[in-house]
Amino acid sequence: MHLMEVKQLGVQFQTPDGVVNAVNGIGFTLDRGKTLGIVGESGSGKSQSVLAIMGLLAANGRATGEVLYHGKDLISMPTADLNRIRGNRVAMIFQDPMTSLNPYLTVERQMTEVLEFHKGMSRKEARAKAIQALDAVKMPEAARRIMMYPHEFSGGMRQRVMIAMSLLCEPDVLIADEPTTALDVTVQAQILILMRELQRDFGTAIVMITHDLGVVAGLCDEVMVLYGGQVMEQGNAEAIFYKPSHPYTAGLLAAVPRLEGSDGPMLAIPGAPPNMARLPAGCPFTERCSMALPRCGIVRPVFGTAAHDAHVLRACHLPIEDVTQSLLRLKAEQGVSV
Amino acid sequence: MTGAIQTAAPLLMVRDLRVHFTIRSESPWPWTPTRALKAVDGVSFDLHAGETLGIVGESGCGKSTLARALLNLVPLTDGSVKWHGDEMRGASPQAWQAKRKSVQMIFQDPLASLDPRMTVAQIIGEPLYTHSPELSTTEHNERVLAMMLRVGLTEQQINRYPHEFSGGQCQRIGIARALILKPQVVICDEPVSALDVSIQAQIINLLKELQAEMGLALVFIAHDLAVVKHISQRVMVMYLGRAMEVASKHALYDTPRHPYTQALLSAIPVPDPRLERAKTLQLLQGDLPSPINQPSGCVFRTRCPKAVAQCAQGVPPLRQLTGQTLSACVFD
Numbered sequence: 003m004h005l006m007e008v009k010q011l012g013v014q015f016q017t018p019d020g021v022v023n024a025v026n027g028i029g030f031t032l033d034r035g036k037t038l039g040i041v042g043e044s045g046s047g048k049s050q051s052v053l054a055i056m057g058l059l060a061a062n063g064r065a066t067g068e069v070l071y072h073g074k075d076l077i078s079m080p081t082a083d084l085n086r087i088r089g090n091r092v093a094m095i096f097q098d099p100m101t102s103l104n105p106y107l108t109v110e111r112q113m114t115e116v117l118e119f120h121k122g123m124s125r126k127e128a129r130a131k132a133i134q135a136l137d138a139v140k141m142p143e144a145a146r147r148i149m150m151y152p153h154e155f156s157g158g159m160r161q162r163v164m165i166a167m168s169l170l171c172e173p174d175v176l177i178a179d180e181p182t183t184a185l186d187v188t189v190q191a192q193i194l195i196l197m198r199e200l201q202r203d204f205g206t207a208i209v210m211i212t213h214d215l216g217v218v219a220g221l222c223d224e225v226m227v228l229y230g231g232q233v234m235e236q237g238n239a240e241a242i243f244y245k246p247s248h249p250y251t252a253g254l255l256a257a258v259p260r261l262e263g264s265d266g267p268m269l270a271i272p273g274a275p276p277n278m279a280r281l282p283a284g285c286p287f288t289e290r291c292s293m294a295l296p297r298c299g300i301v302r303p304v305f306g307t308a309a310h311d312a313h314v315l316r317a318c319h320l321p322i323e324d325v326t327q328s329l330l331r332l333k334a335e336q337g338v339s340v
Numbered sequence: 005m006t007g008a009i010q011t012a013a014p015l016l017m018v019r020d021l022r023v024h025f026t027i028r029s030e031s032p033w034p035w036t037p038t039r040a041l042k043a044v045d046g047v048s049f050d051l052h053a054g055e056t057l058g059i060v061g062e063s064g065c066g067k068s069t070l071a072r073a074l075l076n077l078v079p080l081t082d083g084s085v086k087w088h089g090d091e092m093r094g095a096s097p098q099a100w101q102a103k104r105k106s107v108q109m110i111f112q113d114p115l116a117s118l119d120p121r122m123t124v125a126q127i128i129g130e131p132l133y134t135h136s137p138e139l140s141t142t143e144h145n146e147r148v149l150a151m152m153l154r155v156g157l158t159e160q161q162i163n164r165y166p167h168e169f170s171g172g173q174c175q176r177i178g179i180a181r182a183l184i185l186k187p188q189v190v191i192c193d194e195p196v197s198a199l200d201v202s203i204q205a206q207i208i209n210l211l212k213e214l215q216a217e218m219g220l221a222l223v224f225i226a227h228d229l230a231v232v233k234h235i236s237q238r239v240m241v242m243y244l245g246r247a248m249e250v251a252s253k254h255a256l257y258d259t260p261r262h263p264y265t266q267a268l269l270s271a272i273p274v275p276d277p278r279l280e281r282a283k284t285l286q287l288l289q290g291d292l293p294s295p296i297n298q299p300s301g302c303v304f305r306t307r308c309p310k311a312v313a314q315c316a317q318g319v320p321p322l323r324q325l326t327g328q329t330l331s332a333c334v335f336d
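In order, the protein sequences belong to chains A and B.
Per the working numbering, the first sequence starts with residue 3, numbered consecutively.
Per the working numbering, the second sequence starts with residue 5, numbered consecutively.
In case anyone wonders, no lab produced these hints; they're calculated from the structure.
Accuracy of the hints is not assured; some may be wrong.
[What the hints assert, rightly or not] In silico contact screen, one side only, chain B against chain A (beta carbon under 8 Å); selected entries:
#, residue
1, ILE208
2, LEU229
3, PRO275
[Claimed, not checked] Straight-line distance between alpha carbons at most 20 Å, and here's what the computed DMTMM-like set of lysine to aspartate or glutamate pairs gives:
#, chain 1, residue 1, chain 2, residue 2
4, B, LYS283, A, ASP265
5, A, LYS9, A, GLU68
6, B, LYS283, A, GLU240
7, B, LYS283, A, GLU199
8, A, LYS121, A, GLU68
9, B, LYS212, A, ASP83
10, A, LYS140, B, ASP291
11, B, LYS212, A, ASP265
[Claimed, not checked] Far from chain B, by Cβ distances over 12 Å, these chain A residues were calculated:
#, residue
12, GLY45
13, ALA60
14, ARG198
15, PRO267
16, GLY284
Think of the CB as a built atom: it goes at the ideal place given N, C-alpha and C, for glycine as much as any other residue.
Could you put the whole structure together from the sequences, leaning on the hints where they help?
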C-alpha cells in the first residue's frame, strides 16, 4: 500500500459568477522518502489541490475524489479525526512564513501547542522537543530564540521555524507550498539543502509545490505539471525535463531564463493564463499552444500512459514526435545545447 | 569610475550616492542618539545612451532605494546624481519635474502601481497631461492609442480598469505609461518579478524591442540574475547598500570575481536535474546582516567563505581589475 494515494481529486468553488472548477481530477501516489513536485503558473490550481488534501479549503470550496492516507480517506473523514492526522502525520509548510505564524504568540507557545495537542506532552517536555527541532533546522541559539516573537526573525529564519514546527511530530508526509518563493536565492539554497537532509534523516515524503523548475530539478523524483486545474503531464523528473511530451511543459522549460544560452529574445508562451470560470471544452492550453489542432479546443484529450514511456502520463492529442521536434527547434533558437 | 571608456558624455552620472534613513531610538529619553539605516552607502556608476545597466542583489541590498533616489523619490543624504550633466542634488521641484519628462520609471507590483479608479486611457495619458498639456484632445488620444497597441494591448481595452487585467497586461500598461513621453531613460524596478515565467519572457522581449526602437537606456533592477543576463550589457551586484562588483555581462557571468557574485550565481537552481544535483554549492551562512548595524570593514565578510582578519580592517574600495570589471574585495 502506498503511503498516500490521491485519486480523482477535484476542487469546486461556488462564486457569484457560477461554479469554478479550480482542480479537475488530479491523482498521484506517494511513498516514504519520495518527493513529488507540483509545478504550474499562478491560478493553475496547485495550491488549492493541497489545501483540499489538508481539508483547508475556503468556505465556498468543495473537494471531491479520494485522498487515501494509509487507506483512510481524508476528504470524507470527520473533522475531529482529521485533526488528529493533519499537523501530526501529514504536515504543511506555507508560502509566507510571516502570515502563517501567529504574531501574538512566541515561537515557543506555537510549537509546544502542537506537541501538547498531538502527543499529550507536558509543557516542559514539549519545550525540550521544540528546541531540538529548531536545532535540527540549524537555528543558531535555539534555546534563547525560542522565546522570541515571529517578527523578531528574518524571512529565512521564519521559514526555518515553520519547517521545524511542521517536523515536530515527525510526519510521514510533508506538504510544502512554495516554501522558498518569498526568500532570496542564497537563503533558498540553504532551505532546500535543509529539506533534502531532513528527508534523508526522517524518510519523510514531500509534496513540493513551486513555480520554479530549478527547485523541482534539484529536489523531486516525480513531477506533475498543472495548467488550468488539469494535469498536462506527469512522470519521473528525468522524463519531464529531458523528454517533455506536452507542448506546455516544453514551452515552460524553454521560457525559464537561464544563465547559459544565447542573448536572443526569450521564448515566451504567447497569451495569458485561462479564465478558470470559462475554461474551453477541450484542452485548457489550446489558446496558447503553438501546435494546437482543430479538435484540441473541442475534445478534451484523454489523460493516460504515454506511448514512449510507461512512467509518463500525458493529456495531449499530438503525437509525441511532433512535440519533441518542436522542443528541439525551440532549444536551437535559444542556443541551448540539447 | 565605471571603467567604461566611452567618448560621449553619460546620460546619468552617479557619484558616491548615499541614502541614509534616520531610525528613532527605542529608548524614551530624548537625548539618546538616533541611528542611521544605511540603505545605499556610496554607489557610483555611469549610464550611457541606449545602454542597459542591470542591478542585482538580494532583498534589503538597497537596489530599490537606489532607483528611487535617482528620481528624487527618496531624498539623497550625500553624493551626486547628474542627469545629462546637470547636478540634481538639491535641485528644485521644478527642475525635477522638467527632468522627469526624459526619465521614467516602471514599478515592481503591476497592479498596485496603477490607480484602481482610473481607466487604462487615463493612466497612460496622465503623463501627457502633465508634461505636454499643449496637445489637442485628438492628438492626445491618438498617442495613447498608438502606445497601447505598441505594448500589445487592444483598442477595446481602452476604457477598462486595472482590476480587469492580468498581471502581465497590467505591466504592459505600466510600460505604456512610462514610454508615452518618449523618455531617454527608463528605470525598471523589478518589472517582472511578480509575473509567471511564460509572461516574464513576453515582458522582457517587449522591453528589448522597445529599447531598440526608441534607443532607450535602461536601469534594470532585479533579484534574478538569469533575467538580468537576458537584458543587460553591464551588471552591478549590490550587497547591503554597496556595489560589490560591476562588470560587463559576459565577464560577470563567465568569470565572476567577487565571492558574493560567485555565491549568488551558484545558488540559482538550474532547471536540469542532472546538473542541479551534481553541482557543488558555494553555500553562504546565515542571513543578510541588519543595515542599521553593519559589519565593520567589508560588509560581506560575515557571510563570506573567504573572509580573513584583514577584511574587518577597512572597506575595500571598488577597484578596476581588467577592462570594465570592477570588484570590491581585498583578494583582488
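message: To test your reading of the hints: which numbers does this structure violate?
response: 4, 8, 9, 12, 14, 15
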